[in-house]
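Starting from the known structure of chain S, fit chains G, L, Z and D onto it as the hints suggest.
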Amino acid sequence: MKVGVCDTTFARVNMGAAAVDELRRHASVAIERYTVPGVKDLPVAAKILIEERGCDIVMALGMPGGKEKDRLCAHEASQGLIQCQLMTNHHIIEVFVHEDEAKDDKELAWLAEQRAREHAENTVKLILRPDALIKEAGTGQRQGFEDAGPARH
Amino acid sequence: MKVGVCDTTFARVNMGAAAVDELRRHASVAIERYTVPGVKDLPVAAKILIEERGCDIVMALGMPGGKEKDRLCAHEASQGLIQCQLMTNHHIIEVFVHEDEAKDDKELAWLAEQRAREHAENTVKLILRPDALIKEAGTGQRQGFEDAGPARH
Amino acid sequence: MKVGVCDTTFARVNMGAAAVDELRRHASVAIERYTVPGVKDLPVAAKILIEERGCDIVMALGMPGGKEKDRLCAHEASQGLIQCQLMTNHHIIEVFVHEDEAKDDKELAWLAEQRAREHAENTVKLILRPDALIKEAGTGQRQGFEDAGPARH
Amino acid sequence: MKVGVCDTTFARVNMGAAAVDELRRHASVAIERYTVPGVKDLPVAAKILIEERGCDIVMALGMPGGKEKDRLCAHEASQGLIQCQLMTNHHIIEVFVHEDEAKDDKELAWLAEQRAREHAENTVKLILRPDALIKEAGTGQRQGFEDAGPARH
Amino acid sequence: MKVGVCDTTFARVNMGAAAVDELRRHASVAIERYTVPGVKDLPVAAKILIEERGCDIVMALGMPGGKEKDRLCAHEASQGLIQCQLMTNHHIIEVFVHEDEAKDDKELAWLAEQRAREHAENTVKLILRPDALIKEAGTGQRQGFEDAGPARH
Numbered sequence: 001m002k003v004g005v006c007d008t009t010f011a012r013v014n015m016g017a018a019a020v021d022e023l024r025r026h027a028s029v030a031i032e033r034y035t036v037p038g039v040k041d042l043p044v045a046a047k048i049l050i051e052e053r054g055c056d057i058v059m060a061l062g063m064p065g066g067k068e069k070d071r072l073c074a075h076e077a078s079q080g081l082i083q084c085q086l087m088t089n090h091h092i093i094e095v096f097v098h099e100d101e102a103k104d105d106k107e108l109a110w111l112a113e114q115r116a117r118e119h120a121e122n123t124v125k126l127i128l129r130p131d132a133l134i135k136e137a138g139t140g141q142r143q144g145f146e147d148a149g150p151a152r153h
Numbered sequence: 001m002k003v004g005v006c007d008t009t010f011a012r013v014n015m016g017a018a019a020v021d022e023l024r025r026h027a028s029v030a031i032e033r034y035t036v037p038g039v040k041d042l043p044v045a046a047k048i049l050i051e052e053r054g055c056d057i058v059m060a061l062g063m064p065g066g067k068e069k070d071r072l073c074a075h076e077a078s079q080g081l082i083q084c085q086l087m088t089n090h091h092i093i094e095v096f097v098h099e100d101e102a103k104d105d106k107e108l109a110w111l112a113e114q115r116a117r118e119h120a121e122n123t124v125k126l127i128l129r130p131d132a133l134i135k136e137a138g139t140g141q142r143q144g145f146e147d148a149g150p151a152r153h
Numbered sequence: 001m002k003v004g005v006c007d008t009t010f011a012r013v014n015m016g017a018a019a020v021d022e023l024r025r026h027a028s029v030a031i032e033r034y035t036v037p038g039v040k041d042l043p044v045a046a047k048i049l050i051e052e053r054g055c056d057i058v059m060a061l062g063m064p065g066g067k068e069k070d071r072l073c074a075h076e077a078s079q080g081l082i083q084c085q086l087m088t089n090h091h092i093i094e095v096f097v098h099e100d101e102a103k104d105d106k107e108l109a110w111l112a113e114q115r116a117r118e119h120a121e122n123t124v125k126l127i128l129r130p131d132a133l134i135k136e137a138g139t140g141q142r143q144g145f146e147d148a149g150p151a152r153h
Numbered sequence: 001m002k003v004g005v006c007d008t009t010f011a012r013v014n015m016g017a018a019a020v021d022e023l024r025r026h027a028s029v030a031i032e033r034y035t036v037p038g039v040k041d042l043p044v045a046a047k048i049l050i051e052e053r054g055c056d057i058v059m060a061l062g063m064p065g066g067k068e069k070d071r072l073c074a075h076e077a078s079q080g081l082i083q084c085q086l087m088t089n090h091h092i093i094e095v096f097v098h099e100d101e102a103k104d105d106k107e108l109a110w111l112a113e114q115r116a117r118e119h120a121e122n123t124v125k126l127i128l129r130p131d132a133l134i135k136e137a138g139t140g141q142r143q144g145f146e147d148a149g150p151a152r153h
Numbered sequence: 001m002k003v004g005v006c007d008t009t010f011a012r013v014n015m016g017a018a019a020v021d022e023l024r025r026h027a028s029v030a031i032e033r034y035t036v037p038g039v040k041d042l043p044v045a046a047k048i049l050i051e052e053r054g055c056d057i058v059m060a061l062g063m064p065g066g067k068e069k070d071r072l073c074a075h076e077a078s079q080g081l082i083q084c085q086l087m088t089n090h091h092i093i094e095v096f097v098h099e100d101e102a103k104d105d106k107e108l109a110w111l112a113e114q115r116a117r118e119h120a121e122n123t124v125k126l127i128l129r130p131d132a133l134i135k136e137a138g139t140g141q142r143q144g145f146e147d148a149g150p151a152r153h
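Protein chains in written order, with the working numbering: chain S, 1 to 153; chain G, 1 to 153; chain L, 1 to 153; chain Z, 1 to 153; chain D, 1 to 153.
Some clues are possibly wrong.
Note that the list lumps identical chains together, so a pair holds whenever it fits in one copy or between two copies.
[Said to hold, decoys possible] The list that follows gives simulated cross-link-like pairs (lysine-lysine, DSSO-like), each with its CA atoms no further than 27 Å apart:
id: 1; residue 1: K106; residue 2: K69
id: 2; residue 1: K67; residue 2: K106
id: 3; residue 1: K69; residue 2: K2
id: 4; residue 1: K2; residue 2: K67
id: 5; residue 1: K67; residue 2: K103
id: 6; residue 1: K2; residue 2: K106
id: 7; residue 1: K103; residue 2: K69
Derived by calculation from the structure, the hints in this document are not laboratory data.
Bound conformation, chain S alone (with noise of 0.2 Å):
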């Protein structure tokens, strides 16, 4: 297995490194380090790295500002990302984590690297253990901060 991560030089913390080291912890695979500008470059790369050079899935880590503006970038991203997805019958797991979801840079860094480490997760899961994600079908998980728990306690 393939597992490609894509990240960004205007994050604010090094989002692919950690996703790189927490997929090595859960599973053997190869990885294949792809890093751009910006989110919006994000969903060419991601197509890159499935077409050209055989990722079976990939991570998309990126950290868009506070403001409107760069709200609306994220947004443009992830419609690229889903659309990446739809052409290629490929996964591509977004790990978005805004400027403003932390209070402090301390906190940011924090939420960025704990976002990625579980979203490495679930990579591993939706390629190699399906059922796993079946188990946990409707029990509010949450990536970053704590889990919102299934409405039925």
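Positioned in the frame of chain S, the structure of chains G, L, Z and D alone reads:
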């Protein structure tokens, strides 16, 4: 007939299980279950269910959170589900429950199950009894909360 | 000529029936009816009508609710209908009536039927009498409520 | 060279006629006219003009109303026009005048014609004199109201 | 290597010229220039540069106005540029400067040139030195105004 049922670990109610149960009450169909992390992972899952696992129709179930950012995720997922249908010429019944549609966890659990079940009925009609839907045209049907009914009484 | 008429069980007026009735008044055409649950199911229904059931043109009729969430559904459906047209090189006449366009149920019923009928005329013109539309270019035509008319009197 | 000119019956000014007149002043070109009900019908009309009627370039002219709902229609139409260009590798010059850009009907009529005429010039340049556009790069050109001009005087 | 540089006559600064100048400082590359009226014309121009004029990568430069309507145009253009990249598997570096990012014409001119130049560097790195970008992953790079820097100091 084979029905794909894809849902998420993000949802706080096991909507996929409710859909499967209801589908079995209405028709003798094969069912393929697929669970992904969140709603933005549903479009490609639906495409894989149709193109690689032979499903004739798919139910895509999810529960977006109540924040602005969550609404945007749901919007992106919906666009992807429509695009997927256009690429495959197969119906995907979207069953989304927004967390803020319900006043508390108890109602949320009821609403999510109820909507999943009523859309399971629609799914069976679309494939096996399309004439039943023509008879309901313009009658203000709703899934979950009560029907709006026709404008002319 | 074969006209596809797709509408929804969500709508509170039988817009499809009004469209079919009006189409028959203006031209001798075969009609294929297709009813789906909601507006987001219309794009793929229109595509199936064009590609699998031989329709030359399609009318897609729906009645989005008055809430913000409903407007977003209508937006997604509209994008899908445009995409479908680009994929097939066939026109799809969108006939949407937003529930909040009318002041009460009575006006809503009138508006939905009237708009369906006037767009049925446009549908026939697009296929059989395109020159009739060129003659109306820039004249401020509206469907349902009264025409806006030309800016120069 | 063949230029497609598609416009709408919804517009309150005959923008298509103005475009055709101006195109003829600047170049000896064949012109194909296509009128549709509203702006959301323009993308497929443009595609048909390019793929089935041999147009080298298309002008798509429309006049969205001033309400929020109308702005959304224009947005959907614009997305479709861009998608159409990407599918065909042909330019489509969008000429939209929003009804609320003008203070009264008289200015609206002037603006719609003026913008149509200035974009007709751009259309000819794109096909026949691309170097003329390179010379104008970054000079703050506008169509209709006066140019913004370069930031450095 | 051949780099496409497409820009607009709408912009108030000759961003294309700045990009060309900077590209030449960093690499010995062939350059293909393409100027269009506005940002919504950029996606198809970029596609033509890639598919018909042999460009390996494209810079798409534009300057949307400061009004809501302009922001929507930029959004549509951005979506088209992402879609174009997915259709061609080639990067397009979007360099947009919103007129309201700068406090006056002087700063606007400086910002537009500076951003064009810094993205020209990114363009060269993406094609010739992808490892240089991996080294900058998560370091909070910005183009134009000063870098945000990493969250961990």
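Each hint, compared with the structure:
1. Proximity of K106 and K69 under a CA criterion of 27 Å is satisfied in both settings, with 24 Å inside one chain copy and 22 Å between copies.
2. In the homo-oligomer, the alpha carbons of K67 and K106 lie at most 27 Å apart both inside one protomer (20 Å) and across protomers (24 Å), since each shortest distance falls under that limit.
3. With identical chains, the CA atoms of K69 and K2 are never at most 27 Å apart, being 34 Å at best within one copy and 31 Å at best between copies.
4. Within a single copy, K2 and K67 get their C-alpha atoms no closer than 35 Å, and across copies no closer than 35 Å, so neither meets the 27 Å cut-off.
5. For the identical chains of this complex, K67 and K103 are neighbours both inside a copy (15 Å) and across copies (17 Å), given an alpha-carbon limit of 27 Å.
6. In the homo-oligomer, the alpha carbons of K2 and K106 never lie at most 27 Å apart, since the shortest distance is 32 Å inside one protomer and 43 Å across protomers.
7. Taking identical chains as interchangeable, the C-alpha atoms of K103 and K69 lie at most 27 Å apart whether they share a chain (20 Å) or sit on different chains (17 Å).
The structure fails to meet hints 3, 4, 6 from the earlier list, while all remaining hints are met.
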